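Novice: Taken in order, these protein sequences are the chains called V and A.
Counting in the numbering used here, the final residue of the first sequence is number 338, and the numbers go up one at a time with none missing.
Counting in the numbering used here, the final residue of the second sequence is number 654, and the numbers go up one at a time with none missing.
These are computed hints drawn from the structure, not numbers from a lab.
Note that the structure is a prediction, hence the values are computed from the model and not measured.
Hints may be right or wrong, so weigh each one.
Said to hold, decoys possible - Simulated coverage check for chain V against chain A, where a stretch passes if three residues somewhere in it have a Cβ under 8 Å from a Cβ of chain A: (1) 35-49; (2) 74-86; (3) 92-105; (4) 244-252; (5) 299-307.
Yeah, the Cβ is synthetic: ideal placement off N, Cα and C, and Gly gets one too.
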Amino acid sequence: MRLRGPVLILPLLLSGCDYQTYQSIFSGAAAEVRQFNILFVIFLVICAIMYALVIAFLIVAILRRHRAQANVVETGRHHESDPSMRTGLIAWGVLVATGLVALAIASFFTDRSMAKAAASEKLSITVTANQWWWDVQYNSAEASKTLRTANELHLPVGVPVRITLHSNDVIHSFWVPSLAGKQDLIPGRETDITIVPRQIGIYRGQCAEFCGTQHAHMALVVNVDTYADFLKWWGHQLHPASAPTAPLAQAGYRYVTTGQCATCHSIGGTSAGGRVGPDLTHLASRRTIAAGTMPMSKGNLYGWVEDPQSIKPGSRMPTIGLEPNQLHAVVAYLETLK
Amino acid sequence: MTELERVREEDKKLAAERRKIARDGPRLSGAKLEARLERTWKRPRGILGWLATVDHKEIGRRYIVTALIFLALGGALALLMRLQLARPDNDMIGASRFNELFTMHGSTMMFLFVVPVMEGVAVYIIPLMLGTRSTAFPRLNAFSYYMYLFGGLLLWGAFAFNIAPDIGWFAYTPLSGPQFSPGKRADIWAQMITFTEVSALAAAVVLVATILKTRAPGMTLARMPLFAWAMLVVAIMIIFAMPSVALASSMLISDRLVGTNFYNAYEHGDALLWQHLFWFFGHPEVYIIFLPATGFVSVITETFCRRPVFAYPVVVLALISTGILAFGLWVHHMFATGLPRVGYSFYTAASMTVAIPTALQIFCWLATMWDGRPRFQVPMLYVVGFIVTFVIGGLTGVIIASVPLDLQLHDTYFIVAHFHYVLIGGAVFPLLGILTYWYPKITGRMMSETLGKIGFWMMFLGFQLAFFPMHFSGLLGMPRRVYTYPAGLGLELPNLLSTVGAFVVAAAVLLFVINGVYSLYRGAIAPPNPWDAASLEWATSSPPPDYNFAHIPVVKSRTPLWDEKGELPVVTGLRADEKEILLTTVVAAAPDLREPVPYPSLWPFIASIAVGIVFITSIFSPWALTIGLIPCAIALTAWFWPKELKRNPEPVIS
Numbered sequence: 001m002r003l004r005g006p007v008l009i010l011p012l013l014l015s016g017c018d019y020q021t022y023q024s025i026f027s028g029a030a031a032e033v034r035q036f037n038i039l040f041v042i043f044l045v046i047c048a049i050m051y052a053l054v055i056a057f058l059i060v061a062i063l064r065r066h067r068a069q070a071n072v073v074e075t076g077r078h079h080e081s082d083p084s085m086r087t088g089l090i091a092w093g094v095l096v097a098t099g100l101v102a103l104a105i106a107s108f109f110t111d112r113s114m115a116k117a118a119a120s121e122k123l124s125i126t127v128t129a130n131q132w133w134w135d136v137q138y139n140s141a142e143a144s145k146t147l148r149t150a151n152e153l154h155l156p157v158g159v160p161v162r163i164t165l166h167s168n169d170v171i172h173s174f175w176v177p178s179l180a181g182k183q184d185l186i187p188g189r190e191t192d193i194t195i196v197p198r199q200i201g202i203y204r205g206q207c208a209e210f211c212g213t214q215h216a217h218m219a220l221v222v223n224v225d226t227y228a229d230f231l232k233w234w235g236h237q238l239h240p241a242s243a244p245t246a247p248l249a250q251a252g253y254r255y256v257t258t259g260q261c262a263t264c265h266s267i268g269g270t271s272a273g274g275r276v277g278p279d280l281t282h283l284a285s286r287r288t289i290a291a292g293t294m295p296m297s298k299g300n301l302y303g304w305v306e307d308p309q310s311i312k313p314g315s316r317m318p319t320i321g322l323e324p325n326q327l328h329a330v331v332a333y334l335e336t337l338k
Numbered sequence: 001m002t003e004l005e006r007v008r009e010e011d012k013k014l015a016a017e018r019r020k021i022a023r024d025g026p027r028l029s030g031a032k033l034e035a036r037l038e039r040t041w042k043r044p045r046g047i048l049g050w051l052a053t054v055d056h057k058e059i060g061r062r063y064i065v066t067a068l069i070f071l072a073l074g075g076a077l078a079l080l081m082r083l084q085l086a087r088p089d090n091d092m093i094g095a096s097r098f099n100e101l102f103t104m105h106g107s108t109m110m111f112l113f114v115v116p117v118m119e120g121v122a123v124y125i126i127p128l129m130l131g132t133r134s135t136a137f138p139r140l141n142a143f144s145y146y147m148y149l150f151g152g153l154l155l156w157g158a159f160a161f162n163i164a165p166d167i168g169w170f171a172y173t174p175l176s177g178p179q180f181s182p183g184k185r186a187d188i189w190a191q192m193i194t195f196t197e198v199s200a201l202a203a204a205v206v207l208v209a210t211i212l213k214t215r216a217p218g219m220t221l222a223r224m225p226l227f228a229w230a231m232l233v234v235a236i237m238i239i240f241a242m243p244s245v246a247l248a249s250s251m252l253i254s255d256r257l258v259g260t261n262f263y264n265a266y267e268h269g270d271a272l273l274w275q276h277l278f279w280f281f282g283h284p285e286v287y288i289i290f291l292p293a294t295g296f297v298s299v300i301t302e303t304f305c306r307r308p309v310f311a312y313p314v315v316v317l318a319l320i321s322t323g324i325l326a327f328g329l330w331v332h333h334m335f336a337t338g339l340p341r342v343g344y345s346f347y348t349a350a351s352m353t354v355a356i357p358t359a360l361q362i363f364c365w366l367a368t369m370w371d372g373r374p375r376f377q378v379p380m381l382y383v384v385g386f387i388v389t390f391v392i393g394g395l396t397g398v399i400i401a402s403v404p405l406d407l408q409l410h411d412t413y414f415i416v417a418h419f420h421y422v423l424i425g426g427a428v429f430p431l432l433g434i435l436t437y438w439y440p441k442i443t444g445r446m447m448s449e450t451l452g453k454i455g456f457w458m459m460f461l462g463f464q465l466a467f468f469p470m471h472f473s474g475l476l477g478m479p480r481r482v483y484t485y486p487a488g489l490g491l492e493l494p495n496l497l498s499t500v501g502a503f504v505v506a507a508a509v510l511l512f513v514i515n516g517v518y519s520l521y522r523g524a525i526a527p528p529n530p531w532d533a534a535s536l537e538w539a540t541s542s543p544p545p546d547y548n549f550a551h552i553p554v555v556k557s558r559t560p561l562w563d564e565k566g567e568l569p570v571v572t573g574l575r576a577d578e579k580e581i582l583l584t585t586v587v588a589a590a591p592d593l594r595e596p597v598p599y600p601s602l603w604p605f606i607a608s609i610a611v612g613i614v615f616i617t618s619i620f621s622p623w624a625l626t627i628g629l630i631p632c633a634i635a636l637t638a639w640f641w642p643k644e645l646k647r648n649p650e651p652v653i654s
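The whole structure should be built from the sequences, with the hints applied where relevant.
Specialist: Right under this line is the structure:
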């Protein structure tokens, strides 16, 4: 009982501290998560009542142990029992069964209503999981509006989004706690999840199924915007990368598009067309580097390009061993990919 | 002389010899009988004798000690993980090493500690509790221990040589498949599983046969101690659950070794097949761990409340129905895989249903306390700790049975909290209680009550400190199996508390071990029945002689030692010059047959080495299977070789 108290006020408590709702289940930032909150509180209350009954019974049973009359071996009545316990057992069984049926029904209807909300989609996105990053593709009937990016989702508020999920290697799980429950990405299967964001903001998601060495560093930033801002973002992202003007960045451009980088990464509007690693066309506009491993900044870009293996050991990006002048050039170029 | 006459002559001679055989009874009793039995049941001396033993008490002790060593090792790994997770963005332990740690921790605890320790306790105590001299199939019992030991050595040997598995204790394909886990790490995990499967199956067969056929006369199924009921259900569950994981791990090895594609989605295999097969074993596994613990709770509650457990038939039916329902829940581990939602509703309902028999058992124990006069010695404290803790785990289990809730909570630290409440609160607390309780029977000395009480409180409070905050870490969005987490998500405080709590728990376990070792030399000498308990294991000396009972007791109630004033009634007539036990009928426990018991033999040990070599070498080459089976066949043939072809007055297994 002592332990149950804090849990009951937990949703309230968490909604109070804003910075923590970034990856918390209780944000209520999407329709599905609000339903989750209601159902969770129902379960918690019923379970807390059951727990209180058990503990109360335990305490009373312990307190009455000193009475003279007990059905124990010392009084020779150990094969008898208090008739009220028989009634109690039946009542307890009925109570537990009723509680469970009620919870099962509540769970069933919540599940149904979530499935119904998911029916009408307005925007279609395909997310493909890789060890250890997210490949994101915005689908459109017009080929020219199809957009490929990585490790970041931008969603318009209030619009149902259907996300089709694939995996290129092992099983991963798509999970943005503030917006929806989990959905696994399984090689050889197609799964999907529908999200209706209700609140503008930035949320963090993370792979939730153990997927190998860097499972811990496979995060995803979700940016929920107004519909207008979202369209602006989409339009901007459709632009190919602009050609660099500064000499240093131009040197970086030459290295990236002709060197090892281009075998894995693609940059729109250049000859770099690798599909193995994340698309870099608007890399510098993203909030994080290497699937949420570090915040985007010049210093972190330096660190990452120079030695990815020390920052995210096991990552598929090799430490190439760039000369200092090459490193300066590459980072200068990457910074122009806004 | 015709052949027929010769046989008749021989029959007469054998009949005369048979009359001279020494049997327990009025003509042979007391000290003379004990000396005779002592000679018959003694095992040979020396290291070979040690390896050859088939004494269930010796095997049970080895099981328990080995499992406790693995508990310590698995616990040490947990401490390392908690150190790494004590603060955000910690780089004390790297990603790969951390993955090895949680794989080793989970595999060690599940396969090398908690299941074997339950089997070990049962192998030790069940024959005593049932009033017999040996388990059924004692050589198979010895074989089972060696297989378990070698499986454990394989896993920890690999860890020592830095080729420990790093794929999680659940080894999901395709991550554990040939493409994403090159090297031998995953194979070592899979073969460790094979070792423990064989071991658990052997132990299960031994326990089922022992419980159904060797009970003391009069101990009908309706009078059988609840712990024996629990172990009967568990052993049958093992027989049904283990083949599933055996199939799964064999197909995994086959994928890895000879290039089959059972789990390869791109060659018409299926990655999810593994999860179905694994959890069809994995979920019953949880109850295979939990049900023996409910047996412990029933035993302790009975003795310390001074009355039998309330509503015995309800408890028995609860055990059986849990055992059946446990096989219908496995999909609740797979709610996020995108299977049809109608199917999910079924598994939600089934998962909630299993709470009912457990809730009824909880009521029965509480009602026993209510009706009785509980004495709060250390074992009983662990029962109270069990109820307070386990019920939280059970209720969070109801929460995650719901699909919408589980989709959020699945694979987060909320789940880590849930199953540690269930497995530590539900199984380890009763285990520590029962080890304290049966310690005098096993060693002949009492454990220190003071150290035991300090240890209990450290364990109980440390556990809550370590695992309660994990509910919050999970709700704040911390997934399982991450080697680090970023600052700023609110995860710092709960993780720090968990780390502190983990060290308190470790200190409590250490104190338990210290208490155990100290009491071995300094504990008060235990009388045969120090707790004034009612079941048959307390009817013999502490520790029991090799032959357990000089005469086989006769049982007339569920609590024989409380109901019989003075000496227990006994049956006589078992041979004292050869090892022999009394078999009784399955339901009514009426005397049925006298069964010879095998003598110590090295062949189970040799057979386990031969089988172990097959398992280990088949990690490296498929030929190991064909060539390696030859020594296995030789060892098994020798094991079962009839030793004497000439006729005996009565059959003997030497």
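Novice: Hints first: check each against the structure and report whether it holds.
Specialist: These are the hints, each one checked on the structure:
Using a Cβ-Cβ cut-off of 8 Å, 7 residues of the region 35-49 of chain V lie near chain A, which meets the minimum of three, so the contact claim holds. Judged by the Cβ-Cβ criterion of 8 Å, the region 74-86 of chain V is covered by chain A as claimed, because 7 of its residues qualify and three suffice. Counting residues of the region 92-105 of chain V whose beta-carbon sits less than 8 Å from any beta-carbon of chain A gives 7, enough to reach three: the coverage restraint holds. Counting residues of the region 244-252 of chain V whose beta carbon lies closer than 8 Å to any beta carbon of chain A gives 0, which falls below the threshold of three, so the coverage claim is violated.
Only when three residues or more bring their CB closer than 8 Å to a CB of chain A does the claim for the region 299-307 of chain V stand; here the count is 0, and the claim is violated.
Taken one by one, the earlier hints fail for this structure at numbers 4, 5, listed in ascending order.
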